[in-house]
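Novice: Produce the complete structure using the sequences and hints provided.
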Amino acid sequence: MLQLKRLSAMQWTFVISLLLSGLAMHFQPVVGKDAAFYLDVSQHFLDQGLTGAFSRFDWPWFSVLIGTSHAVTGIGLETAAFLWCALFMAGACALMVGIVVRRLPGSGFWACVVVLAMPAFNAFRGEILREFGFWFFSVLTLWCALRWRDRGGWLGALGIQGSIGLAALFRFEAVLLMPALVLWLAPGLRTREGWGRMTQLVLLPLCAAIVVALLLGSVLHLDRIENFLSMVDPQQVFSKFNAVSDRLGSTVLMKYSADDAGKILVFGMLGVTLLMFAKLLGPFVIPFLTRTGWRGARASLGSFDLFAWTWLCYLLVLMFFFVQQLFINSRYASFLDWLAVPLVVAGVYAFAQRFPRAGKALAAVAVLMMLANVISLSAKKTHYVDAGHWVAEHVDPGASIYYSDPRIGYYAGRGYELKEFEQKAVLEGAGAGKFAYLVIEARPDEPWLEQWLSANGKSVLAQFSNAKRQSVLVLGPLR
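To convert a position in the sequence shown, counted from 1, into my numbering, add 8.
To be clear, the hints were calculated from the coordinates, so they are not data collected in a lab. Any given hint might turn out to be false.
What the hints assert, rightly or not - What follows is a list of derived Cβ distance ranges for each label pair:
# : residue 1 : residue 2 : range
1 : 159       : 15        : 18 to 28 Å
2 : 383       : 442       : 33 to 43 Å
3 : 113       : 282       : 29 to 39 Å
Quick caveat, the model's predicted, so the values are computed rather than measured. Think of the CB as a built atom: it goes at the ideal place given N, C-alpha and C, for glycine as much as any other residue.
Specialist: Have a look at this one:
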């Protein structure tokens, strides 16, 4: 008990985070689609080396880490992946708490609660995602940068640059941390010391960027880097934006609103992103419905200005992505919430001090949210696993098979292949002749099924259901 009392807020956060991740993984017996893909890339890396990994994915470093861990330790690919994700998540949470507590003394409890309960990123604890590595090394970059501001030195700058490089191996968007750091240091350029700090920070990355730019045209052909550069290319962004706004004005808006299509598009995208950001704060948005919460956050803004600059840079990248791809999801937006954690803690801490009873109620809700993020009582897709195992045992490896969900193929040991056709298109005839077997999601008593089987010379070879009675049918040649 004495040893437990000596644990710091960072250490408590690390331990509790690992426990929460373990709980989340227990309630997720079936891997997600992204996880199955990364694990399949890992297997290709083990079988064929980097060439095999790059043949499957243009940025396979997370999968390479998983595969290397398996080769060195003998731990299964899924287990190794889950362990890395849990460790990265625990490390990111602990570092964030350390950053907050150092600049906001007395906030350790709330820092721990906020970082472990905020649904923006805690809802993904049961997944295998490269975001965990991106989050950890990004937070490590910010932690190193704040320490470097106090101490200076080339070695500290090298730690920042190395952390950004490692974060970029998981998601290349991590390079945005460098312009955020430059903006953060810009006010100090009025002094000689400020110029020295800026030189320490940017000299090595600038030289590396020049070398990469020269090699991209001749030796290196990394699609991921080229795609990212094209995504943030102002000319391409404005060209795509104008095309989308023209389409919006001509097909959706009334005649008298067509000229404002660009403004409507900008504020619509921005509004969707900010609304998603606020929603992902979960119960911690409540203190900001009061002046006290806002005052607490504003009072701490000077201590966490680096987070504010990074938040703005990442928001800009999200807007570029939104324009290019015309969608955004919570996984991409969640890093905004990571960057808001220090100011959220400051606002929540001020709110809890001003309203003690409301603070206790918020803490109770946060604990419930903490558990809700990791405990899922909904029916799991175990029928995918059962169907995959049946295919592995009864279907020749060389047979052509259509999977309505690629995870079934993964569990069959046949790899993770992206779907060429949607299930409805296959059943209606598109590409149906290409497949000897079809593993589809359907109930065995659906009225159209018997007629389709007769017309296509197929029969139901096996069927599998989960607790919710969702079914997977294996269709194959008549026997």
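Novice: Work down the list of hints and note, for each, if the structure agrees.
Specialist: Consistency of the hints with the structure:
Checked against the given bound of 18 to 28 Å, the beta carbons of residue 159 and residue 15, roughly 26 Å apart, stay inside it. Range check, residue 383 to residue 442: Cβ separation about 42 Å, and the 33 to 43 Å hint holds. The hinted window of 29 to 39 Å between residue 113 and residue 282 holds, with their beta carbons roughly 31 Å apart.
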